[in-house]
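Residue numbers (the working numbering): -14 to 89.
None of these hints come from the bench; they were simulated from the model.
What you were told as hints is all true, and nothing was included just to trick you.
Below, simulated EDC-like cross-link-like pairs (lysine to aspartate or glutamate); rule was C-alpha separation at most 16 Å, straight line:
#1 K40 / E27
#2 K40 / E50
#3 K56 / E32
#4 K21 / E86
#5 K72 / E47
#6 K40 / E53
#7 K40 / E86
#8 K56 / D70
Ranges between beta-carbon positions, derived for each pair:
#9 S39 / V(-5): 30 to 40 Å
#10 G17 / N(-6): 26 to 36 Å
#11 E48 / R(-1): 15 to 25 Å
#12 A(-3) / G71: 15 to 25 Å
#13 K21 / Y46: 24 to 34 Å
#14 S39 / A14: 17 to 27 Å
#15 A(-3) / E86: 22 to 32 Å
Glycine included, C-beta positions come from ideal geometry on N, C-alpha and C.
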Amino acid sequence: MCWGRSIDNVAAHRELWISWTSLLRSYAAAHGINSKQQAVVEVGEEEIVVRAGSKWVRFTYEEMESSEGSKIAFALNEDGTVLLDGKIDEMDFAAERITRELMH
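Build out the structure end to end from the sequences listed, making use of the hints.
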């Protein structure tokens, strides 16, 4: 995803980044209810890190990296979907799956 396009696109991409963060926080909290650990979501302008115990996932505009050593392509799409490792999924489904896998 290109973050340097027009002002309208930059604003849309920022809103998607904020929405992605919110989904990660919500699902991390939900999965933490029945877990022995809680997740922490750290947000920056160019990265998001979700930590649960010794495990973590880190998102940039173009990549998702995990504490287990994997790096895969990542992008937020203007239609509200997420591209993860070449596969498109709805943002909420992807956020739920990622936080569930991180916390279990």
